[in-house]
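**Student:** Here is how the chains run, residue by residue.
There are 2 protein chains.
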Amino acid sequence: MNSVNHAARALVAALRAIVGDDGLRTDEQIALLDRGYGADNLAARIMVSPGDTDQLARVVACCAAHGRAMVPHGGLTGLVGGASSREDDVIVSMRRMNRIVAIDTASSTVTVEAGVTLAQLSDALHAAGLDLGIDLASRDSATIGGLIAHNAGGIRAFRHGMMRERVLGIEVVLADGRVYRDLNALTKNNTGYDLKQLFIGSDGTLGIVTRAVLKLTPLQTPAATALLGIENLDAAIELAHRLRTVHHGRLLALEIMWHGYAACVRQAHPELAALGLTDCPLYLIVEVAHDVALDMNAQLEDLLGSALEDGVLTDCVLAHTRAQREKIWLLREDSDAVAHQGAFQLSFDVALPVPELDCYVRALSDALARFDPAIKVFVFGHFLDGNLHIMLAADRELATRHEAIEHLIYERLPALGGSLSAEHGIGVEKKAALRRYGDPQRLALMADLRRLFDARGTLNPGKMIDV
Amino acid sequence: MNSVNHAARALVAALRAIVGDDGLRTDEQIALLDRGYGADNLAARIMVSPGDTDQLARVVACCAAHGRAMVPHGGLTGLVGGASSREDDVIVSMRRMNRIVAIDTASSTVTVEAGVTLAQLSDALHAAGLDLGIDLASRDSATIGGLIAHNAGGIRAFRHGMMRERVLGIEVVLADGRVYRDLNALTKNNTGYDLKQLFIGSDGTLGIVTRAVLKLTPLQTPAATALLGIENLDAAIELAHRLRTVHHGRLLALEIMWHGYAACVRQAHPELAALGLTDCPLYLIVEVAHDVALDMNAQLEDLLGSALEDGVLTDCVLAHTRAQREKIWLLREDSDAVAHQGAFQLSFDVALPVPELDCYVRALSDALARFDPAIKVFVFGHFLDGNLHIMLAADRELATRHEAIEHLIYERLPALGGSLSAEHGIGVEKKAALRRYGDPQRLALMADLRRLFDARGTLNPGKMIDV
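As you go down the protein sequences, you meet chains Y and L in turn.
Residue numbers 1 to 467, in the UniProt record's numbering, belong to the letters of the first sequence in order.
Residue numbers 1 to 467, in the UniProt record's numbering, belong to the letters of the second sequence in order.
Hints may be right or wrong, so weigh each one.
[What the hints assert, rightly or not] Which chain Y residues stay away from chain L? Per the calculated CB distances, all over 12 Å, these:
| id | residue |
| --- | --- |
| 1 | Ala17 |
| 2 | Ala374 |
| 3 | Phe453 |
[To be verified] Far from chain L, by Cβ distances over 12 Å, these chain Y residues were calculated:
| id | residue |
| --- | --- |
| 4 | Gly154 |
| 5 | Ala240 |
| 6 | His247 |
| 7 | His248 |
| 8 | Pro270 |
| 9 | Asp291 |
| 10 | Gln324 |
| 11 | Glu326 |
| 12 | Arg362 |
| 13 | Ala394 |
[Unchecked claim] Quick look at which bits of chain L chain Y covers, simulated, 3 or more residues with Cβ under 8 Å:
| id | segment |
| --- | --- |
| 14 | 97-103 |
| 15 | 153-164 |
| 16 | 263-274 |
| 17 | 348-356 |
| 18 | 374-387 |
| 19 | 398-410 |
It is worth saying that the hints were derived from the structure and are not from the lab.
All of these numbers come straight from a predicted model, not from anything done at the bench.
C-beta atoms are modelled at their ideal positions from N, C-alpha and C, and glycine is treated no differently.
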């Protein structure tokens with residue numbers, strides 16, 4: 001407490017009176033927090049963890065009265081600095097609001113508090129034969145409140161949509177400490193403007209999510225997995241069309257990798273040679289779910305066999321064992337392997353209409369090669385969403401050239417109908433890019449809305465958009 | 001033109017200069033319009049039909065400059081008076097903006113103008129093996145712009161969500177004539193507040209939708225249809241659980257009827273006796289889609305056979321011919337049969353959590369019987385959405401007692417987590433009820449938003465909420 005000044009002491013006392021000793025941490029403890037992916041600058045010296053919505057409402061009113069801005073914390077798995085704080089900010093951690101309130105199997109909905117992690121929720125749902133329809137690598141840490149605030153995506157968005165589409169109802173504490181409660185659990189409820197949508201994907205700038213009602217889907221488990229070698233994007237589109245036409249409801253994943261990325265991961269993992277895949281410009285990973293009375297291994301083998309015969313596929317490895325399946329997914333998921341390709345890295349998350357993907361990657365690779373031939377480009381992503389994760393590695397420093405590189409990545413997107421943030425959001429990291437490449441009229445409306453909901457700028461300041 | 005006064009003459013001339021003779025109708029022609037379901041009072045004397053977004057933008061700016069409010073028209077199939085107008089309003093008909101701009105099969109999206117009808121769009125999509133995932137009885141007249149403005153529902157919302165979930169991108173003319181253009185075609189695009197959500201389900205009060213990008217799903221066609229007799233709601237929930245567990249991705253419809261409604265339709269259609277169904281408190285209609293390598297008739301027969309053995313079902317009629325299928329659907333869809341039960345009728349559209357449905361219907365029936373034992377109650381709906389259509393018939397006048405009856409229907413809903421408008425919206429008809437039963441804080445935020453988007457109140461005045 002020694003570094004907290006007099007005014008702060010009064011605030012801390014007031015907060016302690018609301019949340020108790022358990023709900024308060026000060027600077028020494030904050031310094032010890034696991035910073036997740038490291039994008040967040042945790043300079044704030046006070047962290048408050050309310051135990052319920054009422055406490056949070058009082059915390060927010062208290063901070064507002066003390067003229068302090070608040071930064072909500074979920075699992076700190078964001079990648080755009082959405083949880084970063086300044087010294088005078090108060091961190092509002094949702095970790096203590098971690099109850100799964102109720103699972104309604106008849107309506108296929110669940111009511112949860114914001115601090116529940118995705119893994120915690122998924123485990124409970126799977127036990128009931130249900131699923132959220134959202135999955136992410138950061139499932140063990142990412143919280144439902146964070147997934148909502150940043151409208152999370154992941155591998156299954158092409159089937160079930162983004163987090164936005166899972167949210168039926170929401171409870172939010174507004175900037176002045178009022179509670180906006182719309183815990184709707186109905187699919188159909190047409191009674192006015194759908195205000196909850198504003199909070200979803202707002203980076204916590206319009207309100208702090210405390211609770212939500214989420215729509216569920218029956219649990220599907222993987223039945224067959226294959227790694228496919230493909231010559232060009234048209235062939236990948238044709239294969240996707242065949243898969244969706246007969247297996248859309250069973251398609252769990254359709255991931256894409258460009259050759260350079262797959263080669264990089266294979267180089268880092270010599271055991272992947274056992275998969276025996278030939279070199280191809282593109283790879284797809286397809287995974288389908290079990291289904292009643294269908295041998296999905298045979299179904300997938302048939303479909304892929306025909307595609308090989310027709311020349312749509314160049315190569316195909318069907319996983320026959322659990323170990324093979326794990327190898328296939330390792331190829332896609334070990335993006336850390338890029339670190340071996342250069343001491344300096346940058347990564348980007350963009351989306352484009354599917355037919356534009358390959359042209360874009362080629363044009364970008366050419367532009368980057370002209371900019372600095374020493375930069376290596378690695379691309380993979382969620383195919384049917386047109387969502388590319390682009391990783392750059394070089395042995396020369398990249399951060400100081402970030403803006404110029406960013407421009408090469410973003411400048412082509414508006415004309416192609418692309419997005420400069422597919423699933424990571426804006427936060428701090430992409431705020432300048434949004435201002436530069438975004439539609440001015442849309443940005444003006446966003447600023448109007450932020451002012452309407454938070455006239456004093458006390459909710460997650462410095463994120464998304466300046467007002 | 002004789003009834004149009006001098007000021008209006010100047011407005012008409014200005015509008016004619018924008019849209020040409022083809023785009024303008026005056027009072028005599030408006031009087032001849034098909035009023036759809038009749039809920040709309042078309043008192044306006046000027047109707048303008050812009051040919052494109054630019055014309056509409058100029059029309060809106062022109063009306064705003066002349067101090068005239070505007071009422072958008074789609075297919076006039078709304079049920080809550082959302083298209084009704086006052087004498088001095090200008091009707092903005094979207095009928096000339098009826099182009100399907102592009103179908104992108106690789107991304108499963110379509111770009112359409114607002115005046116395209118659902119049937120027109122569905123025909124084009126089905127030819128490409130795709131589907132919007134939305135279907136409604138009013139498909140031949142209802143337009144995409146109207147479906148978006150009122151967030152349409154229908155029979156398939158439990159699978160694909162409401163219209164809201166089909167909208168990826170939108171183009172809207174704002175109250176001052178500016179064009180808000182966000183024709184996003186991506187599943188993943190996390191670049192700020194999702195403003196398009198405000199226009200969806202706004203009854204046209206925040207802007208006029210001109211164009212949209214919609215998400216598509218592979219076309220599924222019906223393979224098997226059955227009519228089921230059920231003893232109680234728990235059994236219906238159990239059957240739904242069994243169906244969703246193995247056939248969720250193939251389930252096209254799960255409709256519910258209470259005994260009184262089914263009896264009323266059977267009485268009106270003696271040929272339905274051929275279905276041979278026994279009397280039961282509840283009926284369900286289930287329809288499943290064709291699927292690769294699965295005999296869905298046999299699959300459904302197996303599942304229903306087990307349910308009969310287990311006592312979950314009391315009776316089951318599987319359609320073996322097209323004629324039988326049509327009879328089953330007639331039972332559900334001929335709600336006009338209620339007209340034979342009394343000269344005066346009222347109808348309501350509510351939703352509740354599925355487990356509450358039967359209790360609610362019983363309590364409501366009891367309350368109505370106490371209110372006036374001569375009122376007959378008929379209930380059917382979309383089971384998995386908890387969406388009930390409640391029709392009342394009596395030989396004594398009902399309209400003057402509308403508010404009292406409405407109170408019996410709506411008063412129980414808030415405590416049960418129900419909605420007083422599941423899929424019909426608010427418009428004029430439910431505005432007072434929303435004010436009475438809605439959350440005051442939510443209504444205050446809605447009013448703030450309406451003021452933000454339309455400070456002068458020129459867009460569809462008198463609908464949704466007063467500011």
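**Student:** Are the hints correct? Go through all of them and say.
**Tutor:** We went through each hint and held it up to the structure:
Consistency note on Ala17 (chain Y): stated as away from chain L, and its beta-carbon is indeed over 12 Å from all of that chain's, at 26 Å minimum. Chain L leaves Ala374 (chain Y) outside its interface by the beta-carbon criterion, the shortest separation being 31 Å against a cut-off of 12 Å. Distance check for Phe453 (chain Y) against chain L: the nearest CB is about 9 Å away, which does not clear 12 Å, and the non-interface claim fails. Distance check for Gly154 (chain Y) against chain L: the nearest CB is about 9 Å away, which does not clear 12 Å, and the non-interface claim fails.
Distance check on Ala240 (chain Y): its Cβ comes as close as 8 Å (rounded) to a Cβ of chain L, failing to clear the 12 Å threshold; non-interface status is violated. Against the 12 Å criterion, His247 (chain Y) falls within the reach of chain L, whose nearest CB is about 7 Å from its own CB. Under the 12 Å C-beta cut-off, the non-interface status given to His248 (chain Y) relative to chain L is violated; the minimum distance is some 5 Å. The claim that Pro270 (chain Y) lies off the interface holds: its Cβ sits roughly 34 Å from the closest Cβ of chain L, which is beyond the 12 Å cut-off.
Under the 12 Å C-beta cut-off, the non-interface status given to Asp291 (chain Y) relative to chain L is violated; the minimum distance is some 8 Å. Its beta-carbon lying about 25 Å from the closest one in chain L, Gln324 (chain Y) satisfies the requirement of being farther than 12 Å from that chain. Separation of Glu326 (chain Y) from chain L is adequate, the least Cβ-Cβ distance of about 26 Å exceeding the 12 Å criterion. Every beta carbon of chain L lies more than 12 Å from that of Arg362 (chain Y), the smallest distance being close to 17 Å; the non-interface claim holds.
Every CB of chain L is more than 12 Å from the CB of Ala394 (chain Y) (nearest about 27 Å), matching its label as outside the interface. For the segment 97-103 of chain L, the assignment as covered by chain Y is violated, since 0 residues bring a beta-carbon within under 8 Å of that chain's beta-carbons and 3 are needed. Only residues whose beta carbon comes within less than 8 Å of a beta carbon in chain Y count, and the segment 153-164 of chain L has 6; three or more means the coverage holds. For the segment 263-274 of chain L, the stated coverage by chain Y is not satisfied: 0 residues place a CB nearer than 8 Å to a CB of that chain, which falls below the threshold of 3.
Requiring three or more residues with a Cβ within less than 8 Å of a Cβ of chain Y, the coverage given for the segment 348-356 of chain L holds, as 5 such residues are present. Taking a C-beta to C-beta cut-off of 8 Å, the segment 374-387 of chain L contributes 5 residues in contact with chain Y, enough for the three needed, and the coverage statement holds. Closer than 8 Å: that is the beta-carbon criterion, and the segment 398-410 of chain L has 0 residues meeting it against chain Y, so the requirement of 3 is violated.
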